[in-house]
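Visitor: Got chain A; can you put chain B on it based on the hints?
Top line first, the protein sequences correspond to chains A and B. 1 is the number of the first residue of the first sequence in the UniProt record's numbering; add one for each residue after it. 1 is the number of the first residue of the second sequence in the UniProt record's numbering; add one for each residue after it.
In case anyone wonders, no lab produced these hints; they're calculated from the structure. Be careful, since some hints might not be right.
[Said to hold, decoys possible] Computed from the model, here is a short list of chain B residues facing chain A with C-beta under 8 Å:
#, residue
1, 51
2, 54
3, 55
4, 57
5, 59
6, 69
7, 71
8, 89
9, 91
10, 95
11, 98
12, 163
13, 165
14, 166
15, 191
Idealized CB from N, CA, C, for every residue including glycine.
Number of protein chains: 2
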Amino acid sequence: MYINWVGTYLNVPKIPVKVVTFDEIVEWSRKLAEKIKESNWQPDVIVAVARGGYVPARLLCDWLGVSDLLSVQVVHWPSAAQIAEKAYVKYPINVDLSGKRVLVVDDIVDTGDSIELAKKSLEECCRPKEVKTAALQVITSVAKFMPDFYAVEVREWIWFAYQWNAVEDATGFIMKIVKETGKTEWCLDELIQAHLEWYGSEYVEKRFGYMLYALDMLVKRGYIKLSKCLASPNIAVR
Amino acid sequence: MYINWVGTYLNVPKIPVKVVTFDEIVEWSRKLAEKIKESNWQPDVIVAVARGGYVPARLLCDWLGVSDLLSVQVVHWPSAAQIAEKAYVKYPINVDLSGKRVLVVDDIVDTGDSIELAKKSLEECCRPKEVKTAALQVITSVAKFMPDFYAVEVREWIWFAYQWNAVEDATGFIMKIVKETGKTEWCLDELIQAHLEWYGSEYVEKRFGYMLYALDMLVKRGYIKLSKCLASPNIAVR
Chain A
1 MYINWVGTYL NVPKIPVKVV TFDEIVEWSR KLAEKIKESN WQPDVIVAVA
51 RGGYVPARLL CDWLGVSDLL SVQVVHWPSA AQIAEKAYVK YPINVDLSGK
101 RVLVVDDIVD TGDSIELAKK SLEECCRPKE VKTAALQVIT SVAKFMPDFY
151 AVEVREWIWF AYQWNAVEDA TGFIMKIVKE TGKTEWCLDE LIQAHLEWYG
201 SEYVEKRFGY MLYALDMLVK RGYIKLSKCL ASPNIAVR
Chain B
1 MYINWVGTYL NVPKIPVKVV TFDEIVEWSR KLAEKIKESN WQPDVIVAVA
51 RGGYVPARLL CDWLGVSDLL SVQVVHWPSA AQIAEKAYVK YPINVDLSGK
101 RVLVVDDIVD TGDSIELAKK SLEECCRPKE VKTAALQVIT SVAKFMPDFY
151 AVEVREWIWF AYQWNAVEDA TGFIMKIVKE TGKTEWCLDE LIQAHLEWYG
201 SEYVEKRFGY MLYALDMLVK RGYIKLSKCL ASPNIAVR
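Only chain A is shown next, with the shape it has when bound in the complex (with noise of 0.2 Å):
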């Protein structure tokens, strides 16, 4: 099949995104908790895993009629710094859960080394009866930790906008272009057509606000400069 340039960045972004709706979230967790009660097992205690885990786990609470709610935050080491990107307890548990069937809740599981910390130091701080892991989606190509129970199994990896990370994501999908180009000077419709190039057009149409607000709060911040369009591109967007 032929795709001209055109087609090549509109239909095959550089790094593929999945924007996922509140919907989405409602019936993966509807789907996980389906699992969870058809194993027979029943938590009494929900850990989510900080920050991803929050939403999964309150909606899981929900549907598994849940009372008890705690987390934990992983946190890697940023790349950036000279030593290993390692996950590491950023802020622990220390509660009596002796006896307690424990259920760790995280968004997505990547590599699955968050998850698998956060089980270990509950293991370690808390003295619970048991310990599981449930994860919205698991992107089963780079998995090395698998957990217990998951609702969507993602092949290939790609990356999923939640909600809850819009602002994020819009920022350093901003700042991605702007390091990778060496280009710190920008007009909005250049940085559209990028934009497409590099995460799609599902992306773009999707989170076409959070990517604005994005912008101004990263101008205002002097991380980019915007200037004026001077020739018409491609693609206007206004």
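Guide: Only chain B this time, still in chain A's reference frame:
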């Protein structure tokens, strides 16, 4: 204005319920973040009051660019017990937050005792530099403690049906009818009619699926018996 008996229960339910969409939650959290920014105060850490504060807290992290997210769980002694209904911290935090500005977040401030207690427990446990409080909504007619920031003022008490509590609401609403009428056997049309009378048409229309889901669960657990409808009722919903 004359309201006939049909109008009475269709328009003025016993318990006024407003179903909150996720778009409203996103918009309120954005508005809340704007108010915090306008005050020139930026938190280093966000602490969600479990369980209600989980979704708003995660969204605020995004709007405010806050990475550190923790939670404390505040619960109320059940009013059924022979002790006063009083809030207490079930799962406190035990980490060092010295030098940090902390924002405590909840969904709605009713009397305000939960968020006030969460704030106090943080000041006692964790040596923060400063603790401020924020909620999406405040029912000002009943609030004894006002949060530092809020997005929406509610003047009259109303039940806000958040998406993350949909199953619990549906279950509680059915059981409230069962308990207060003393009637444990219902036909579906009758139960729908009772829901219209108690909670209004907006709730029944928007949460019909959850109502059926909760009903099925309660039937299986033996809390309610579902029988075939004999006579055709005034309102038929199929």
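Visitor: If a hint holds in the structure, say so; if it doesn't, say that too.
Guide: Okay, the hints, checked on the actual structure:
Among the interface hints, the one on residue 51 (chain B) holds; its C-beta lies about 5 Å from the nearest C-beta in chain A, closer than the 8 Å criterion. Taking 8 Å as the C-beta contact cut-off toward chain A, the hint placing residue 54 (chain B) at the interface holds, the least distance being around 4 Å. Interface restraint check: residue 55 (chain B) against chain A, minimum CB-CB distance 5 Å, threshold 8 Å, status holds. Interface hint status for residue 57 (chain B): upheld, as the beta-carbon distance to the closest one in chain A is roughly 7 Å, under 8 Å.
For the restraint placing residue 59 (chain B) at the interface with chain A, the shortest Cβ-Cβ distance is roughly 6 Å, inside the 8 Å limit, so the hint holds. A cut of 8 Å between beta carbons decides the hint on residue 69 (chain B): the least distance to chain A is about 4 Å, and the hint holds. A least Cβ separation of about 5 Å between residue 71 (chain B) and chain A falls short of the 8 Å threshold, and the interface hint therefore holds. Restraint check, residue 89 (chain B) versus chain A: the minimum CB separation of about 11 Å is more than 8 Å; hint violated.
The interface hint given for residue 91 (chain B) holds, since its Cβ lies 5 Å from the closest Cβ of chain A, which is under the 8 Å cut-off. The beta carbon of residue 95 (chain B) comes within 6 Å of a beta carbon in chain A, closer than 8 Å, and the hint placing it at the interface holds. About 14 Å separates the beta-carbon of residue 98 (chain B) from the nearest beta-carbon of chain A, more than 8 Å, and the hint is not met. A distance limit of 8 Å between C-beta atoms decides the matter here; for residue 163 (chain B) the minimum to chain A is near 7 Å, and the interface restraint holds.
The criterion of a C-beta within 8 Å of any C-beta in chain A is met by residue 165 (chain B), whose closest approach is roughly 6 Å, and the hint holds. Checking residue 166 (chain B) against chain A by beta carbon gives a least distance of about 6 Å; that is within 8 Å, so the hint holds. Given hint, residue 191 (chain B) at the interface with chain A, is violated; its Cβ is 21 Å from that chain's nearest Cβ, farther than 8 Å.
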